[in-house]
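We have chain A already, so just place chain B on it with the hints.
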Amino acid sequence: MNKTESIREIAKKLLEEKKVDLVVGFAQGSLPLRSTPYFARTPEQADNLIWGATCENNLANFVRKRSEKVAVIAKGCDVRAIVALIKEGQVNRENLTIIGIPCEGMVDRKQICQAVGCKEILEATDNGADLVVKGKGFEQTLAKADVMFGSCKTCQYNTPVIFDELVGEKVEAKEADYADIEAFEALSPAERSAFIAKEMEKCIRCYACRQACPMCYCSECFVDCGAPAWIGKGADKVDDNALFQTVRVLHLAGRCVDCGACERACPVGIKLSILNRKMVKDVKELFGAEAGVNLEDPPALNTHQFDDKEDFML
Amino acid sequence: MILNKSEVTNILDKLASEYRVIAPVEKNGMVEFAAIQKGEEAKLDYANSKKPGKEILFPQSEELFNYTVDAEGLRMEDKVDSQASIIFGMRPCDVKSWVLLDNVFKNDQYTDVYYLTRRANSLVVGLGCNEPASTCFCSSVACGPFAKEGSDIFLTDIGEAYVVEGISEKGKELLAKLGLSEAGAEATAAAAKLQAEVKADGTINIEGMAEKLSGMFEHPYWDSLHEKCIGCGACTYLCPTCHCFDIADEATDCDGCRVRNWDACMFPLFTLHGSGHNPRPTGKARWRQRLMHKFNYFVERYNATACVGCGRCIKNCPVNLDIRQALADIQALD
Chain A
1 MNKTESIREI
11 AKKLLEEKKV
21 DLVVGFAQGS
31 LPLRSTPYFA
41 RTPEQADNLI
51 WGATCENNLA
61 NFVRKRSEKV
71 AVIAKGCDVR
81 AIVALIKEGQ
91 VNRENLTIIG
101 IPCEGMVDRK
111 QICQAVGCKE
121 ILEATDNGAD
131 LVVKGKGFEQ
141 TLAKADVMFG
151 SCKTCQYNTP
161 VIFDELVGEK
171 VEAKEADYAD
181 IEAFEALSPA
191 ERSAFIAKEM
201 EKCIRCYACR
211 QACPMCYCSE
221 CFVDCGAPAW
231 IGKGADKVDD
241 NALFQTVRVL
251 HLAGRCVDCG
261 ACERACPVGI
271 KLSILNRKMV
281 KDVKELFGAE
291 AGVNLEDPPA
301 LNTHQFDDKE
311 DFML
Chain B
1001 MILNKSEVTN
1011 ILDKLASEYR
1021 VIAPVEKNGM
1031 VEFAAIQKGE
1041 EAKLDYANSK
1051 KPGKEILFPQ
1061 SEELFNYTVD
1071 AEGLRMEDKV
1081 DSQASIIFGM
1091 RPCDVKSWVL
1101 LDNVFKNDQY
1111 TDVYYLTRRA
1121 NSLVVGLGCN
1131 EPASTCFCSS
1141 VACGPFAKEG
1151 SDIFLTDIGE
1161 AYVVEGISEK
1171 GKELLAKLGL
1181 SEAGAEATAA
1191 AAKLQAEVKA
1201 DGTINIEGMA
1211 EKLSGMFEHP
1221 YWDSLHEKCI
1231 GCGACTYLCP
1241 TCHCFDIADE
1251 ATDCDGCRVR
1261 NWDACMFPLF
1271 TLHGSGHNPR
1281 PTGKARWRQR
1291 LMHKFNYFVE
1301 RYNATACVGC
1311 GRCIKNCPVN
1321 LDIRQALADI
1331 QALD
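Here the protein sequences come in this chain order: A and B.
When the letters of the first sequence are read in order and numbered with our numbering, they come out as residues 1 to 314.
When the letters of the second sequence are read in order and numbered with our numbering, they come out as residues 1001 to 1334.
Bound-form chain A, shown alone (with noise of 0.2 Å):
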């Protein structure tokens, strides 16, 4: 049986058993390499879920302050997001069914684009290893590997941390790679600032990196305060872009899962995950802290311990 036939199987189950009230996993989008989240409350509703290289939201989005029984279908860094927001008080672990899949990365749409020569691509295969494109004139095969995202390819988590039913075979973690950010390190001040002020010229702040990044979750964000107004609102101003993802970033030191769900939402392809992950892995080596990866582990912004490093303070 393959993962999307173990998928249905299990969510029909709850549901007949009326255990949950609600399976939110992922049906088939309406483009090719695209999924889209799906919430199941039939077992009949079960047959649409599906699962493969192209579910890549991060579902944790979606079951924050559930009042109703819900089961979700979470790949690690779902899993790691849902785990923090336990931690957080935004999710009840008791009403919730994590149906865990090890996951072996998703397919970057932005990567395969430029691989194919940003022709529109019309169908797509997925051969378990590669992926088969077809447009209007060609046809390409892809290794998986070769586009995934960025935050796959580092992933040290595909396999979830918790989980009540787990579909598929452990999946093993690979060593931690920093190699993005540290080339980002070996960068002069001025060559940092000017590629952040790059990046941050596309920005229309549409906030899709907030609204996908599921430990965003403030009922006010700063940005959309008005009295004060912390920040500008305009999108012309790269300064104020900036201010906003760094901001952003600070909010989620140590509370960031690492899962690229800002990235991958960005229609305009910024590179969030250089500023993300130089967060998480400052919090990894000054603190020995990582979030969502166990229960137990208090959350770093929640601790202090007298040989915390501090050297970085004036």
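Treat the hints with care, as some may be off.
Chain B is faced by these chain A residues, among others (derived, beta-carbon under 8 Å) [unchecked claim]:
no., residue
1, S30
2, K65
3, E68
4, E88
5, A183
6, C206
7, Y207
8, K233
9, Q245
10, T246
11, A265
Straight line, CA to CA, 25 Å or less: simulated SDA-like cross-link-like pairs of lysine to any residue [said to hold, decoys possible]:
no., chain 1, residue 1, chain 2, residue 2
12, B, K1284, A, A176
13, A, K65, B, T1271
14, A, K136, B, L1194
15, B, K1027, A, V238
16, B, K1284, A, G269
17, A, K13, A, K87
18, B, K1079, B, K1106
19, B, K1038, B, S1139
20, A, K65, A, K87
21, A, K153, A, K136
22, A, K119, B, D1201
23, A, K153, A, G269
24, A, K237, B, V1031
25, A, K12, B, Y1221
26, A, K237, B, A1248
27, A, K136, B, I1204
28, B, K1148, B, V1299
29, A, K110, B, L1044
30, B, K1106, B, F1270
31, B, K1079, B, S1017
If you are wondering where the hints come from, they were derived from the structure by calculation, not from laboratory data.
We put the beta carbon where it would ideally sit given N, CA and C, even for glycine.
Chain B only, in chain A's frame:
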């Protein structure tokens, strides 16, 4: 008339010496409309721009006026932009969006000097689409890959050259100055063939949609439509017809300016009252508004659907909420 592709750069150079020429350019890996100094900057072999053409008339962030207060009193400067501009190579969907937006910025209740001054000083050279994308459905919404409505001049790409048609008086006058040669019978026939044969997806049925939606405000359909929406503004900001905005005063001490920024009905803040009450407090209410505004309220008010079928919302939605599917679902409801 005919414009050989090899002459486009020269023509644009010539136009740029007299007008502000706004054309599609490639920047940061995306195509956007920007003022060009030289013809070679224009990228006319593009599918469509990332941001819609509305931003030429209605920029995402626009300073309306600024002010200074000092010992001599108050000084104010308005920022109405009246520079004569040629918009070169805009796709028919974006051109049509200007026609729709005109209703909003000039009507019996409101006249927007900023938008209308730019509009009056803009001449549009539309560019037909030989290869509409699979997400394009302009042929379903009173537009089309070769729709000329709103264009002053229209270009049809026949390979080595563009067949050039003067549409409005303004467009014909400009063409008379450019001295292009007449198109031969073969070129004219090639253009006519493209215009007659190339269609985008025409199967999205919006017939009777406005009437149907009129009775649907309380329909349970809205309970499910919004469910996967994460509430970002990608669809509205990248939509050529979405036009909601917010006004902000930005001031430091005695200097300040009033800025108009795009806003979006997908944000709870958009309708949040000072009292704390929010008449559209849920994703359900906000999605109903988005769909109703395009396919019902706008139709009732201006007798046109506020969608040009450009497909940007489909391509850019982070969760693949597809407006075509929503419209089909609504048509299928009893």
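Pair hint A:K153 and A:G269, alpha-carbon separation not exceeding 25 Å: Measuring from Cα to Cα gives roughly 18 Å; hence the hint holds.
Regarding the hint that A:A183 lies at the interface with chain B, is the smallest CB-CB distance below 8 Å? violated, 19 Å
25 Å limit on alpha-carbon distance, applied to hinted pair A:K237 and B:A1248: Between A:K237 and B:A1248 the Cα gap is close to 14 Å, so the pair holds against 25 Å.
Holds or violated: are the alpha carbons of B:K1079 and B:S1017 at most 25 Å from each other? holds, 23 Å
Check the hint pairing A:K12 with B:Y1221 against an upper bound of 25 Å on the C-alpha distance. Status holds; Cα separation ~23 Å.
Going straight from one Cα to the other, do A:K65 and A:K87 come out at no more than 25 Å? holds, 13 Å
Mind checking the alpha carbons of B:K1284 and A:G269 for me, to see if they're no more than 25 Å apart? violated, 28 Å
For the pair supplied as a hint, B:K1079 and B:K1106, confirm whether the alpha-carbon distance does not exceed 25 Å. Judged against 25 Å, a Cα distance of about 19 Å means the pair holds.
Given pair status - B:F1270, B:K1106, alpha carbons within 25 Å: It holds: about 22 Å lies between the C-alpha atoms, which stays within 25 Å.
Tell me if the interface restraint on A:E68 is satisfied: Cβ within less than 8 Å of some Cβ in chain B. At 13 Å from the nearest chain B Cβ, A:E68 fails the 8 Å test, so the hint is violated.
Hinted pair B:K1027 and A:V238, Cα distance within 25 Å: Measuring from Cα to Cα gives roughly 15 Å; hence the hint holds.
Less than 8 Å between beta-carbons is the criterion; does A:K65 satisfy it with respect to chain B? With Cβ-Cβ at 13 Å, over 8 Å, it is violated.
In this structure, the earlier hints numbered 2, 3, 4, 5, 9, 10, 12, 16, 17, 19 and 21 are contradicted, and the remaining ones agree with it.
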